[in-house]
Amino acid sequence: MANIKMITPVAEKRSMPAQQAPAGGSRRHAAWFALWGVLFLLLLAPATTTVYAELSKRSFNDNYIQYTTAVVGSIAAWRLSRSARTIPAASSMLGAVALAITSAVNSLAVLLHMATLWDISIIAMVGSFILAVRGPAKLQHYLPLILFSFFIVPDMPDELRLKISLPLQMITTKGSVALAHLFIPISSIGHTFIVNGHPFDVAPGCSGLNMWISFLFAFGIWQLIDRFRPHAYGIMAIGIGVLTMALNVVRLFITALVAYYISADQALAIHANLEAVLVPLGLLLLFYVGGRLRSAEKTTAA
Amino acid sequence: MQKKQLLLNLIVTASLAFPGIAAGAFQQEMSAAEKIKALHPVKLPAQLGDALAKASPADVDQPDLVCKRYISPANARLWAMVRQTSIFTQIHDFTDCLISNGYKPESVKRVAVKTDAGTMDAQILATHGKANSLAILWFQTGTISGADRWQWRQRLLTGGMPKLPVCRETQISLKRSGDDQQDMRKLTEAAVSVYRSQIE
Chain A
1 MANIKMITPV AEKRSMPAQQ APAGGSRRHA AWFALWGVLF LLLLAPATTT
51 VYAELSKRSF NDNYIQYTTA VVGSIAAWRL SRSARTIPAA SSMLGAVALA
101 ITSAVNSLAV LLHMATLWDI SIIAMVGSFI LAVRGPAKLQ HYLPLILFSF
151 FIVPDMPDEL RLKISLPLQM ITTKGSVALA HLFIPISSIG HTFIVNGHPF
201 DVAPGCSGLN MWISFLFAFG IWQLIDRFRP HAYGIMAIGI GVLTMALNVV
251 RLFITALVAY YISADQALAI HANLEAVLVP LGLLLLFYVG GRLRSAEKTT
301 AA
Chain B
1001 MQKKQLLLNL IVTASLAFPG IAAGAFQQEM SAAEKIKALH PVKLPAQLGD
1051 ALAKASPADV DQPDLVCKRY ISPANARLWA MVRQTSIFTQ IHDFTDCLIS
1101 NGYKPESVKR VAVKTDAGTM DAQILATHGK ANSLAILWFQ TGTISGADRW
1151 QWRQRLLTGG MPKLPVCRET QISLKRSGDD QQDMRKLTEA AVSVYRSQIE
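Sequence order for the protein chains is A and B. Just so you know, we're using our numbering here: the first sequence kicks off at 1 and counts up by one. Just so you know, we're using our numbering here: the second sequence kicks off at 1001 and counts up by one.
Okay, chain B solo, but in the shape it has when bound:
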């Protein structure tokens, strides 16, 4: 066999073998939370850090989650609307959504939002597995009707949201630590704190 042909064959062989080897290696790394942390260190923005410092453990209590819309399960991407405990009790829908996408039930049940002032709507974007990030979008709905809320979310995402006074929005994101429960608690705490800091 000519040297050039042999080289070509070896390159082809290595190229076909490498992704499989890499997948095996990465899979082992992803199974260890420490390795994930090393790969994706948690970096919180200053505002979020301050909010987290002020957050009270009492703000995070029992969950009350409503699966408002379940989008694009092919991407394992979930949307949920989190509301005040006294308003909604349909936790099972959202729980099913999360569990069907690999979240452990105990981590779902520990996600909670409890506010003592006003109405809070928060949308949690939980990205499972495909990307190493979790994000929470929230806004005070005030006079926004439920029917309009979907389009508001779209505008939030696309950056096309009009700057109306009724809407206060922020986006909080942090890297996944490998512990879904801890990540979602942090997001919830941050959302509650930022929300309170703005309405008080």
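The following block holds chain A by itself, in its conformation from the complex:
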């Protein structure tokens, strides 16, 4: 996994200010790091085969986010580790406590056979580890990469996916029906809208969840390159959700118009292709808003 590379501490300890180095000298310090490196390897070794097995069962199209995350994350990890040398290091007891908690969650995931929780907790452990042994400044330096690393988790559990997609289906249906009702006769039952007697079910695939993930992924890559102000993450998280729903409402609104004025078959044919137009449009909006939230400081992963 790409996120492992960023914890390599050997190169970093050379630049550690002497007054902040743990008592006992750098040799003893290096021994601790070697021990932790081995423990991390032992922890991750079994997971490598599991992740490979999971990814190999799926088509390339289903894995492109994971592969892209691995490649981009590896490059970012390498560049961040180089630029991290100038950042002062200091240990943090808060980080050690956080690491203990995430370690417990990871163990629980093993007990309950929850693969996704395991993946997430490992990434959280890496972040906690950096905080514990290298301090908050280093964690802040690596934080964009840690956030981006969550995209490497193979898949969202079906239960969680359905819990997110169903409200999206309902919101999208209501929004598009309300908009279309201004122009054409249209009705809806649940997440199905009816035009000219033809029912159109807004399925989970039409909920906009995939579009949402795509926009988040684009922003995830961007924040590896540009430094954002802290509040920008909250604004973008909310903004991307609103943007996704708005675009999906437009998509289904156009679908309903086509169904009314042309035919149901044409509407079904066009509704998926509309994403090819709306996603780039959404990305432009995303870049426009994100550009105004950038910090003047550039990341060194760029």
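Hints listed in this document are in silico derivations from the structure and should not be mistaken for laboratory results. Wrong hints could be hidden among the right ones.
[To be verified] Ranges of calculated distance between the beta carbons of each label pair, as one might list FRET restraints:
(1) L1007/B x T48/A: 29 to 37 Å
(2) L1007/B x P88/A: 49 to 57 Å
(3) I1021/B x F287/A: 53 to 61 Å
[Unchecked claim] Chain A stretches covered by chain B per the calculated footprint, using a threshold of three residues with CB under 8 Å from any CB of chain B:
(4) 27–39
(5) 141–154
For glycine and all other residues, C-beta sits at the position ideal for the given N, C-alpha and C.
Chain B: place on chain A using the hints.
Coordinates of chain B only, in the frame set by chain A:
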């Protein structure tokens, strides 16, 4: 080395070592069916218990399974449609799905549904390894076309299914005992019995 730094280093070391130790310990436990039973005792709802008591061994015979849709193999989660023996014979698809996810062929072949009245569609959700549960969802399709069935399943799962008279559904779930064959037989028997109790 300062005491505080030493404490921190020990906490970090223990935190990194513990998941690996725990994984080894849990792996040994999971390999023994008795330990799984102890961890996840089988608790059947009253209705299911009654249905199981009424079930006849003749209801469970030779398998006839059709892999209707194979979802999310990353989660090792399988969906299959079980139908009357006389209607479908494509057992190999579903068998492949199960075997590729770790089920033993003999346990697959013993899963069966045989009804003597009406049409029964049952969907078996077999969750392998990731969670300790198996569940079966079934409904009488009646006038529901095959094309609509997928969306019906989605609505069943999400709770958004309209309460139409044509659909009778129930969800039966029980904890895994560690014996896949036994678990799936129980689920099948229960589904058949509940189905019969509702149509008779």
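Okay, the hints, checked on the actual structure:
Taking 29 to 37 Å as the suggested C-beta distance range, the pair L1007/B and T48/A conforms, at roughly 32 Å. Checked against the hint of 49 to 57 Å, the C-beta distance between L1007/B and P88/A comes to roughly 22 Å, which is inconsistent with it. The hinted window of 53 to 61 Å between I1021/B and F287/A is violated, with their beta carbons roughly 47 Å apart. Residue count for the segment 27–39 of chain A with a Cβ under 8 Å from a Cβ of chain B: 5. That meets the three needed, and the coverage hint holds.
Remark: the segment 141–154 of chain A is not confirmed as covered by chain B, as 1 of its residues place a Cβ nearer than 8 Å to a Cβ of that chain, below the required three.
Going through the hint list in order, the structure does not satisfy hints 2, 3, 5.
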